[in-house]
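Novice: Chains A and B are the protein sequences, given in the same order. So in this note's numbering, spot 104 of the first sequence is number 108, and the numbers just go up one at a time. So in this note's numbering, spot 191 of the second sequence is number 195, and the numbers just go up one at a time.
Just so you know, these hints were derived from the structure itself, not from any lab. Some clues are possibly wrong.
[Said to hold, decoys possible] Quick list of in silico lysine to any residue cross-link-like pairs, SDA-like style, CA-CA up to 20 Å: (1) B/92 / B/215; (2) B/186 / A/145; (3) B/186 / A/237.
Please read all numbers here as calculations on a predicted model, not as lab measurements.
Protein chains: 2
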Amino acid sequence: IPDLIHRWGMDWQAGDHILLTDCEHQGVIAAVEEIARRFQLEVSTCPIQATLNQGDPTAVIAQHLQPRTRLVVLSHLLWNTGQVLPLKEIVEVCHNYSASSQPVRVLVDAAQSVGSLPLNLTELEVDFYAFTGHKWWCGAAGLGGLYIRSEVFESIYPTFMGWRSIITGETGQPEGLQPNGKRFEVATSAYPLSIALRSAIAIHQQWGSSQVRYEQICQLSEYLWQGLSQLDMVRCLATSPPKSGLVSFVLTNGQSHEQLVHSLEKRGFLLRTLHNPNCIRACVHYFTTTSEIDQLIEAIVS
Amino acid sequence: IPDLIHRWGMDWQAGDHILLTDCEHQGVIAAVEEIARRFQLEVSTCPIQATLNQGDPTAVIAQHLQPRTRLVVLSHLLWNTGQVLPLKEIVEVCHNYSASSQPVRVLVDAAQSVGSLPLNLTELEVDFYAFTGHKWWCGAAGLGGLYIRSEVFESIYPTFMGWRSIITGETGQPEGLQPNGKRFEVATSAYPLSIALRSAIAIHQQWGSSQVRYEQICQLSEYLWQGLSQLDMVRCLATSPPKSGLVSFVLTNGQSHEQLVHSLEKRGFLLRTLHNPNCIRACVHYFTTTSEIDQLIEAIVS
């Protein structure tokens, strides 16, 4: 949810432009299209998917900025191909885009990156970074978070407001917004979920730092990628080891992706099919074992 | 949150008017003011507080409708005085208001009424009825619900959208909204809280029907109201027994409301002060006991 909050909160003018990539989740696309419908905005999509193995995603984005572009919406870690975008470079290009009279903000769908990549958001200088707690953090379903860069904080209004967003005067009437992030809180929060997420994060931290966990994820996904690459019936989308825990591949023997995923599920392996590109996606976390990966490879072959 | 969702979702035009009552919660006022700021709407407030003991709230609202009124925002059960508004009558007046070229919708803040009043929303013909699960239902914090009358459903767009709101085509791209209430779901929901609320409701139902529980609430609040009314130092706001579990009163002996509430809290009684009107509010549920009420009265006196 939080990534959507600020999209309504921007001071949109008819004709403003939002740039999406061709790798965004359908939920993000739907949300952007609704904002566009409501405020008569232009939306376009740039071809980033083809840069998985060659090409420069930053250059693609740079080429698709327009004088009326006010927001670029992209994922730090692409949910379909597992590619990690060079976020710092992209943000620099957007922030330095001089053809626009208004700043070009960068909103990141961090669904796959929070809890899997080591992050330094102030160094990345990203404007908005929205995540969910139930994916890589393995928190309880239903809680997410939104980071807003302090420089843009004052230009954004909360879409939703409630008694926690505001300062009240002596008569109990609203007298203004809270000076800090509280203005984005509405009313009674989901405290049980918040405590669950904090506990989940604390458990992950016991295993090792985010850098150490990320390196372990990459080692394991490389192990899986190599195992898959050795199969005649499989072609991995990435031609080099993935830099994330997402390993996407296609079957080259004519077998249906749905059928394989279904039969793997019966044996306890949870993979998923994707439409764009048409592939199967496996996912390893730092706590996945090489033995589990070996068993998956065997199950795919048999 | 849900009561705010649809306010953004209406097709607002600059100059449209929202009517509030003077008994709404500051969080609701702040949300309405933000919508007004965003879409250049007019907001006005009608004096319903004074109808607690005499006068007709429906007539007050009828007098304050304007040709550009599109939404009336009020509480079914006023959080400050405990008054129950005649919702069916009010809705009828709003829906039959002929000076407006557009329908006047009624949005109800049901924070105090859901879980305490017996309800038949289709009979009430209310357009929007938004509640929270943690108050009278005693559910886990962080979950609410929104009822939308089927007749207005198609004219409302979700403010927030995600993969659960939409129908996707064969390529996984959004192709439209879900035909039912799913369009107001965004993405992964707070399932743990949802299950907690359902369990809480099931436990309440074991005690008796909503009608039976409401009658018990009224009996107990009358008992409290009578006890308070017999004290020289206290004046209850209502001059007849409350029709809800909220019993508001003022101290007539010059003692500070804050001080009394604070000293009661130390003895295990949780009451609260209110600013408008300036009073103390006690609250009884169906499971409150007369013995607890006796102890509260004693604690106030001593």
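Novice: Run every hint past the structure and note whether it holds.
Specialist: Outcome of the hint check:
For the given pair, residue 92 of chain B sits about 17 Å from residue 215 of chain B by alpha-carbon distance, which is consistent with the 20 Å threshold. Distance hint between residue 186 of chain B and residue 145 of chain A is fulfilled; the C-alpha atoms sit about 17 Å from each other, no more than 20 Å. With a C-alpha separation of about 39 Å, the suggested pair residue 186 of chain B and residue 237 of chain A falls outside the 20 Å cut-off, and the hint is violated.
Figure legend: structure checked against the earlier numbered hints; the only hint not met is number 3.
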